[in-house]
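Q: Single-letter residue listing:
Number of protein chains: 2
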Amino acid sequence: MKSDIDRLMQELNLDAFIVAGGEEFNAVRYYLTNGAHITHGTVFKVRGKDALLVCSGMELEEAQKSGLRVATTAELGFHEVLKDADGNAQKATALFWAQVLEKEGLSEGRVGLYGTWQVNLTIALYDMLFEETDQYEYVAETTPTLFDKAMLTKDADEIERLKSVAERTNQVMQEAWDYIAGLKPDGDYLLNDDGEKVTIGDIKMLVRRELMARGLEDTGMIFAQGRDAGFPHSRGEADMPLQIGKAIVFDLFPREMGGGYHHDMTRTWCIGYAPREVQAVYDTVMEAFDISVETYGLNKPTHLMQEAVLDYFESKGHPTGRTDPRAMEGYVHSLGHGVGINIHERPSISHTRRDDIFEVGNAVTIEPGLYYPERGMGVRVEDFFIIGDNGELISITPFRKDLVIPIEGVSQK
Amino acid sequence: MKSDIDRLMQELNLDAFIVAGGEEFNAVRYYLTNGAHITHGTVFKVRGKDALLVCSGMELEEAQKSGLRVATTAELGFHEVLKDADGNAQKATALFWAQVLEKEGLSEGRVGLYGTWQVNLTIALYDMLFEETDQYEYVAETTPTLFDKAMLTKDADEIERLKSVAERTNQVMQEAWDYIAGLKPDGDYLLNDDGEKVTIGDIKMLVRRELMARGLEDTGMIFAQGRDAGFPHSRGEADMPLQIGKAIVFDLFPREMGGGYHHDMTRTWCIGYAPREVQAVYDTVMEAFDISVETYGLNKPTHLMQEAVLDYFESKGHPTGRTDPRAMEGYVHSLGHGVGINIHERPSISHTRRDDIFEVGNAVTIEPGLYYPERGMGVRVEDFFIIGDNGELISITPFRKDLVIPIEGVSQK
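Sequences listed follow chains A and B, in order.
Heads up, the final residue of the first sequence is numbered 410 in my numbering, and it's a clean run with no missing numbers.
Heads up, the final residue of the second sequence is numbered 410 in my numbering, and it's a clean run with no missing numbers.
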């Protein structure tokens, strides 16, 4: 969590870090600035000191919402440096960063670089940092970084926000269920009050509206039916009408409006009735879900949970990403991942990442699935869990796990 | 425009480029992949050949919506490379990229790197590219890049999308106007049908709903009143009730749902009546707006337009960013910017960027403003223009430029 940052800097032997970024959503900057809505802004932190947010004067008012110390580029002398650098923006930025570090009390040492930025600008600036400010050694960490490690555990404020987003997301899924459950069947399709076939686009619009009414925003939900559901990341076709008896994978992972903490949950639904084949695959996935939860243990390596699921699916004859990394059918993804400001964080529950363990403060999904696009189906079930103060695995996705949404006038075939 | 890419590559002496990226919104990748919703995906393009999109098998279905050639990391041999690289992801990526370039027919040459990615991962990968694949020279362009130049002019499809977003955004601004115009005054405040004071948060919610109903999403609108309006990038406080007679800066810059083309427009409103001081500043800003449009000429350097506005504001005694780059009052930003997939693109209309000219196909804002936070006010007016085939400057922001939203029962003081 955030309070680990100084300790993690010490472990990494970092004297300071700089978080750069432009207009893109920048998870590390969001984390450090408490979500202040700044387009351009750079965070400087020298170990043991509070972080400093540097922005343009235009963004001062928003920057102050970060709760950090704030200074403008103008008052720290960027314009003079730019002149000295003959207008070369990369050179000026390199010299300016060194000037800020110096003012913050660091005249040499190891400086970690983080944030999200354009690839080309990052490299051009890195070259310039190397050339112009060799009093510092710049460190480019790979995964898991300082921030991956800090974000691995959530503090009490973050847990509260995650729980609040969870509650609202579960409400929205209920709204979608209730809407579908109230539709009128017409052959293979479902009609709304105006007698029109209801489409996936209609459901997505309803979901977006309900999210918004609760201060959340969609970040690309999956509502994929039939063959599309057989591709884990297919989002679903807006124009496709809902069909009775087809498996629908509904993966909802909204976040707080304007960027912030996410929820992540998936249900598989069959409207009206479930074909026997879908029900069988669903039962297998639910068994894998239960095995996952049973395999959980505090301080246990996460890959053991994935391996328990791989063992189970393979014992049932399903292809997996372990038997064939190229597999496009069967169980083709990892079992889960941390969630926070990023939709994918550590810990990973994967057989290819073997260094994560379950810790108090983790916020993590468990989401087994089976995919058979050529058989026109896919199934995934996902809850979001928090590991509580006593090491208990607590689902914050209470939504029902029924496969079938009953429709009046439709019965099991 | 996109059809310029091969020519621009030639001018830059680039034999190929690679567009990298992770889960962040990645404008260059969006541009090349026609907005396909892929989380991890890399675009490779050798000059003279069609681009290739490489993604994981999970994202194949979505990737195919790009219209590009698509291949999966698995079929191109990433897993084998990862094994050879002892699981070092950066080394494996560097070797894999070289392998893809080789398969695409390029065994040596200059390769531009673009996209949006984490700063640390970019640098770590860059180091590895340098060490492991020195048959290629990697090029990190600074602004304006190949894509800044390509995006500088929009093709017919892009213009159609921009016009459609413009029309919908103007409709939403009208909805906000109409809603406010129908409120009941109560002292300095305005009441809704339930007799509650209407807040900025209420207006923002209405606007988000109306955007969504039209397939658009907010990207952080500004609705800032009184002193807040005096800070160009202050977003406005959700809890603040609307007040009669205060200047409100309403800057609306939504985009197509899920990422895509933007509109960008600003109006300044006073509800009920305009204080004389606000009216005077508004008239000055409108005069600057008219001067901007009159100064326009095809193939003319854009900075001349900004300078005409600076001359005018300074002649009226307003501080500007030219007289003092640290200025926090008066005219403190540039006059305009290109808009497309990014909210800020080239051309810039600024006195500090002197190399842009107005060209056919530009899509650009003109947005003079004056800011006096200590006097509790700010004013900005912004239209979005396209430069037509015959060089004409065409506003696609027809929305009225009235300062005052009349309220029944409130008259000019």
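Take these hints with a grain of salt, some might be off.
If several chains are the same, the list does not tell them apart, and a pair holds so long as it fits within one copy or across any two.
Below, simulated DSS-like cross-link-like pairs (lysine-lysine); rule was C-alpha separation at most 27 Å, straight line [to be verified]: (1) LYS(-1) to LYS181; (2) LYS194 to LYS398; (3) LYS201 to LYS160; (4) LYS100 to LYS62; (5) LYS201 to LYS398; (6) LYS(-1) to LYS100; (7) LYS398 to LYS181; (8) LYS313 to LYS146; (9) LYS398 to LYS160; (10) LYS80 to LYS297.
Rather than coming from a laboratory, the hints here were simulated on the basis of the structure.
Q: Each hint should be assessed against the structure and marked as holding or not.
A: Hints, one by one, checked against the model:
no.	hint	result
1	LYS(-1) to LYS181	neither (51 Å within a copy, 47 Å between copies)
2	LYS194 to LYS398	within (26 Å within a copy, 42 Å between copies)
3	LYS201 to LYS160	both (23 Å within a copy, 25 Å between copies)
4	LYS100 to LYS62	within (23 Å within a copy, 50 Å between copies)
5	LYS201 to LYS398	within (20 Å within a copy, 35 Å between copies)
6	LYS(-1) to LYS100	within (24 Å within a copy, 45 Å between copies)
7	LYS398 to LYS181	within (23 Å within a copy, 48 Å between copies)
8	LYS313 to LYS146	neither (36 Å within a copy, 55 Å between copies)
9	LYS398 to LYS160	within (19 Å within a copy, 44 Å between copies)
10	LYS80 to LYS297	between (56 Å within a copy, 26 Å between copies)
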